[in-house]
Amino acid sequence: MFRNNYDGDTVTFSPTGRLFQVEYALEAIKQGSVTVGLRSKNYAVITALKRNADELSSYQKKIIRCDEHLGLSLAGLAPDARVLSNYLRQQCNYSQLVFNRKLSVEKAGHLLSDKAQQNTQSYGGRPYGVGLLIIGYDNSGAHLLEFQPSGNTLEVYGSAIGARSQGAKTYLERVMDKYIEIEDPEELIKTCVEALRQSLKDETLTTDNLSIAIVGKDIPFTQYDNEKVTPYL
Amino acid sequence: MFRNNYDGDTVTFSPTGRLFQVEYALEAIKQGSVTVGLRSKNYAVITALKRNADELSSYQKKIIRCDEHLGLSLAGLAPDARVLSNYLRQQCNYSQLVFNRKLSVEKAGHLLSDKAQQNTQSYGGRPYGVGLLIIGYDNSGAHLLEFQPSGNTLEVYGSAIGARSQGAKTYLERVMDKYIEIEDPEELIKTCVEALRQSLKDETLTTDNLSIAIVGKDIPFTQYDNEKVTPYL
Amino acid sequence: MFRNNYDGDTVTFSPTGRLFQVEYALEAIKQGSVTVGLRSKNYAVITALKRNADELSSYQKKIIRCDEHLGLSLAGLAPDARVLSNYLRQQCNYSQLVFNRKLSVEKAGHLLSDKAQQNTQSYGGRPYGVGLLIIGYDNSGAHLLEFQPSGNTLEVYGSAIGARSQGAKTYLERVMDKYIEIEDPEELIKTCVEALRQSLKDETLTTDNLSIAIVGKDIPFTQYDNEKVTPYL
Amino acid sequence: MFRNNYDGDTVTFSPTGRLFQVEYALEAIKQGSVTVGLRSKNYAVITALKRNADELSSYQKKIIRCDEHLGLSLAGLAPDARVLSNYLRQQCNYSQLVFNRKLSVEKAGHLLSDKAQQNTQSYGGRPYGVGLLIIGYDNSGAHLLEFQPSGNTLEVYGSAIGARSQGAKTYLERVMDKYIEIEDPEELIKTCVEALRQSLKDETLTTDNLSIAIVGKDIPFTQYDNEKVTPYL
Amino acid sequence: MFRNNYDGDTVTFSPTGRLFQVEYALEAIKQGSVTVGLRSKNYAVITALKRNADELSSYQKKIIRCDEHLGLSLAGLAPDARVLSNYLRQQCNYSQLVFNRKLSVEKAGHLLSDKAQQNTQSYGGRPYGVGLLIIGYDNSGAHLLEFQPSGNTLEVYGSAIGARSQGAKTYLERVMDKYIEIEDPEELIKTCVEALRQSLKDETLTTDNLSIAIVGKDIPFTQYDNEKVTPYL
Amino acid sequence: MFRNNYDGDTVTFSPTGRLFQVEYALEAIKQGSVTVGLRSKNYAVITALKRNADELSSYQKKIIRCDEHLGLSLAGLAPDARVLSNYLRQQCNYSQLVFNRKLSVEKAGHLLSDKAQQNTQSYGGRPYGVGLLIIGYDNSGAHLLEFQPSGNTLEVYGSAIGARSQGAKTYLERVMDKYIEIEDPEELIKTCVEALRQSLKDETLTTDNLSIAIVGKDIPFTQYDNEKVTPYL
Amino acid sequence: MFRNNYDGDTVTFSPTGRLFQVEYALEAIKQGSVTVGLRSKNYAVITALKRNADELSSYQKKIIRCDEHLGLSLAGLAPDARVLSNYLRQQCNYSQLVFNRKLSVEKAGHLLSDKAQQNTQSYGGRPYGVGLLIIGYDNSGAHLLEFQPSGNTLEVYGSAIGARSQGAKTYLERVMDKYIEIEDPEELIKTCVEALRQSLKDETLTTDNLSIAIVGKDIPFTQYDNEKVTPYL
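Residue numbers (UniProt numbering), protein chains in the order written: chain A, 1 to 233; chain B, 1 to 233; chain C, 1 to 233; chain D, 1 to 233; chain E, 1 to 233; chain F, 1 to 233; chain G, 1 to 233.
Bear in mind the hints are in silico, worked out from the structure with no lab data behind them.
Just so you know, these numbers come straight off a predicted model, no measurement behind them.
One or more hints might be untrue.
[Claimed, not checked] Derived DSS-like pairs (lysine-lysine); straight-line CA-CA distance at most 27 Å: (1) K61/B - K107/D; (2) K41/E - K107/G; (3) K228/E - K178/C; (4) K228/F - K107/F; (5) K61/B - K30/B; (6) K228/D - K228/B; (7) K61/F - K102/D; (8) K107/C - K41/E; (9) K107/B - K228/A; (10) K107/G - K61/F; (11) K30/E - K107/G; (12) K115/E - K107/C; (13) K178/D - K61/B; (14) K201/D - K41/D.
[Claimed, not checked] A partial selection of chain B residues facing chain D, derived with a Cβ cut-off under 10 Å: (15) G17; (16) Q21; (17) N52; (18) E55; (19) S58; (20) Q60; (21) G76; (22) C92; (23) N93; (24) Y94; (25) V98; (26) G125; (27) G167; (28) P185; (29) E186; (30) E187.
Beta carbons are placed, not taken as given, at the ideal position from N, Cα and C, and that holds for glycine.
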């Protein structure tokens, strides 16, 4: 294997100004199974493909609820996602307890950004090896954020991360104009499931491997698994 | 020996987004003697093959009780397993003392996950070199968790880890449909012992080397060793 | 790739007295999209080209407000810019709360300088991989500062940083004599937009990708995005 | 000398899941002079071969008393054994003072395990380079433990560690069935001395180089050196 | 590039007893624009050549006031000079507040020495990459100190540091006998400007790039920039 | 010079279980001038060869008094011996003040052992590069200890360490049977001086280079230098 | 340049038991200008050759007063000497304030020894790169100590350190018998100046470059510079 001279740790710039360890962390995301998110004005939806190691294992959790109005899906190292979602959950509680208001989705993104940035600028740690799609609903409507290991957290209309996510992205780009106008949550979910389907290779979506979550106007963060996803298959 | 450039510590991603030290820790598990676990709705069972260094040594402990409703078996570095089981035992006590309730099995898995994840993201330590099968019984029924050095803790219906564990896994997959319906603890134990037998090579199960534990409805965590395992041979 | 022997960390001088890691951080700025700033006696303006990763993403924030009289635009690693702008915002609050006066623009520059210098003289961190154009208005008039990862913060009449910024710089140098006399804010903004245009290659400025901010006499820090930039296209 | 790439410190797994530094520490034990231990139901005995550097030196201490009911013999780095035996002695005192009961032998083994495990999982130290045979007598009878640098502490019926210890081990295995039934302490000691003799090469046991200790029912930890060992030669 | 084996950090002596990192820091000084200082019995003067990156930038500050009786000019890394001048300024304040007297110039030099020496004897930092000419006036008359990254702070009659400073030095040596007798501050400044001129190559001194400061008997530290330097051109 | 791969620090075992840095520290002892010690039942004596760098220097101190009943001689790095003897002196004071009794010689050896062992098991330090011969007299009679950098502290009847010490050792072994019976302190000193003489090469013992100390029954630690050694030449 | 494998830091022994970094620090002393010291029973004198970088610089301080009865001269890194002399000065003050007595010269040497030894046994620092000649007068008469980076501090009758110091040493050895009897301070100074002269090459002693200090019976530490040295030229 060819040894790159500037990729030993996260605190060394390459001569072209790149942080290779941060870029390698992006590769860890591509190892994870795909997850897709999209939003209209009032609703945000995420779908994810669950995997199991073998017949005996239950399917790995891909979607995590953080608060009544906030949740996320992940692609990459699951234990790293736990650290970040635990952190968000604490911050949600803290906001409720101390300020008596829900943590805004934008603020949630900022908090993740700052936490992840620290890991890219101090020796002895490593960037988080996970990407997140965060959905939430607050005073300013529905939101979809894409979190990256670099600490970049982008507001997006739709996104897909993980293995073969390009298929879903291409689909979303094609139909974006339509779905951002959709005001029927059911239809929005169907679009998101269809996008997920575009990233499958030899798999079929089933009640076992499909996970869905929605949040929005009058809809607290709700997750559908197993038989509950049947209507969307 | 070929030197991989990205496997010197746990905080360096390879260009393909892998953490090699975490993967090497998995190899330590394969050096350990096999242990098998399975569960039905109300009972969870683990069996393990004990080894002794020579005639003079007693057989190494493979199953550790954490609380009345929780225990585990291990494959890999035994001293690392001690650290983790001691931690679980403390958390069980803490839950009982502070919240006056048993630590839920799911929570136990989360606690192990978080502890192990830290060792994969800070310089100067190493991942735990041990895999665990955790069985427990709480309000939501019987559970079987598989803990991995990465911090992944999966809910499984059955699993086998350690040397030649594939034999047991194949057997479990074949009979899973049957045993998840079994409501007779005795029969469940027998299935688990049979699975263990599928992973043996030149060994025979004896009262010396077989260790069994069960937990479930009306059955606190109970361990069978020596003559007590005779009925299951 | 040729290995330079003195670029492993920020605390090693090369035999010619250079700190290569600090120089490499400058390269990270060149990866960012261009931003341009200029000032007359009473007004300071920044314009920036926003990028989006794809159709689905919103455009990345390039301009950040710190206080009523102070703001900045960035080129380079956005998460690093967040750290620095958060720091400035805290210092602005602190100045207001403790001294009951606005943080002077010069002092703001000094604070950034000192914070960035520390990262170039202690092992285990890295220089900030971002350049900033800071505009502000205080008792001594309008100011434009250019912040560099080395900790140099220069007072400038105009500047452009980021990809292909040389085009804008050349334009600014040519028209500097004129714009430093301009007292009409609108006209100043137009000059700044025109300068930005000189650094574009295959892009056109649109309501989507143009971001403008101004601060000055009787004008608190004001940002124009989306349809608000139409008059300046 | 061939350089193994994964043996530089105790926190690096080899690709096969081994911790080489821990294995090398085992080699330090083999450099030490031999010590042998065995136990019946009510008595545990250790014998050890003392060495002296030259005629002028006294013979090195091989057996260390920790408490009235607990002691140990060592093979390997004597200063490391001091650290561990001092620790045990403190724990014995602590148990007596705080809980008003003797430290159980099993607990003593656990304490050593935990202390040694820490040195195999934190950067900047090294595993202990010593093996111990611990004998003790408590409510559950006589015990013999074998401590290893990995943190493994095994309950054994008999063991021998140090240079050429295989001879003693083979002997013990052959006669184990007999000695575990012996209820005469004197006879037990003789068996243990005989085992030690099996590991000698050009040496003869003398009052100078033989060290014996016994503990058990109605016999506090007692050590025999010099003329006191004459009856057993 | 040839790799010197003993220049990796400031705490390694070469076999000839040299600290290469400290010597490399001297090279950083040579990269800076030239500054010249001289003193007579009652007055000390510094002149410096200011540079700007381009037409748009203001000229970089080369002279920094520390107190009414003390100031300095710099050549090398400006952010490092800020750290040192901030430190001197604090010490001046401290002396005034706590002892109610001005910090003596000699003491100021000692303080800089001690601060810089620490950076040459502890791992994890780097020497300051800047040279300073410090002028001051106290009870013992006018002083001129030259500060070096090694922590050497020399009392000098005249000095020049930075790019092509040799020209100025040669000039000063030639006329030293004269200027140390000069009691007219104006004439002293003129000599110092003339010395500076000897180090120029393709540049001419202008109101833009010339910076002058004087301190002495009945003259508090006074800096001349822009049009104020016209009389000395 | 051939590079041994396992001798970079004190916390790395070689594949054969050796700690090379500890062994190299023994070599530092061999660089020091010779010192010899012996003891009978009631008296312990040390003699040492003092060296001076040149005619102008006084002779280096080789014997250090720690307490009325305890002292030592050294071979190797004198500054390291200072650290250890200062430590012993403090412990002697402490014992006297807190327990109102003299520090026993055995305890003194244990304290040195523990202090030295720490330096062989923690990264970032080095073993002490000095050997010591400690003589003392307490309730259990006269003692002679040999301290080694590994932390081994052996009770010996006689010993010699330092350059060409083998000559003295051989002599001591030959006459040991005699001197351990000697009850006349004077005669004992003469034997020890004679032993020292066996290790000389081109030197002769003189009042300048011979240093003697004795401690024992009714004789507090007494040192003879210069003209006081004349009777023993 | 040939890379020695054991000279990277001060905490690594070479296979021959040497600490190379400590030896390299001795080389730094040889780079410094020469200083000479000698003593009779009641007086101690040091002389030193001052250097200046060029005509414009004052001559570097070579002699430092620590207290009324104690001072020193240096060869090597002047900033390191400042650290050590500041330390001595503090200790002198402390002794006066707390114990109301002057710090004895022997104790001063011990303090320097201990401080310097620490730098040879802890990772992350470096040995002091300076040699010192310390003169003092206390109850036990006049003293001359030679301090070395290893922590060795030797009592000497005369010594010379720095560039070409061998010439002075040879002279001192030849005349030592005479000067140790001299009771006339003036004559003693003259001998010391003459010794210094033996180490010059192309230089002549002048009022500019000669520095002298004496301390002794009824003579507090007195330094002669400039015109005051005329009588001794």
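Evaluation of the provided hints:
no., hint, result
1, K61/B - K107/D, "15 Å, holds"
2, K41/E - K107/G, "42 Å, violated"
3, K228/E - K178/C, "25 Å, holds"
4, K228/F - K107/F, "31 Å, violated"
5, K61/B - K30/B, "17 Å, holds"
6, K228/D - K228/B, "45 Å, violated"
7, K61/F - K102/D, "50 Å, violated"
8, K107/C - K41/E, "36 Å, violated"
9, K107/B - K228/A, "25 Å, holds"
10, K107/G - K61/F, "15 Å, holds"
11, K30/E - K107/G, "45 Å, violated"
12, K115/E - K107/C, "24 Å, holds"
13, K178/D - K61/B, "25 Å, holds"
14, K201/D - K41/D, "31 Å, violated"
15, G17, "18 Å, violated"
16, Q21, "6 Å, holds"
17, N52, "8 Å, holds"
18, E55, "5 Å, holds"
19, S58, "4 Å, holds"
20, Q60, "7 Å, holds"
21, G76, "8 Å, holds"
22, C92, "17 Å, violated"
23, N93, "16 Å, violated"
24, Y94, "19 Å, violated"
25, V98, "23 Å, violated"
26, G125, "6 Å, holds"
27, G167, "20 Å, violated"
28, P185, "29 Å, violated"
29, E186, "30 Å, violated"
30, E187, "33 Å, violated"
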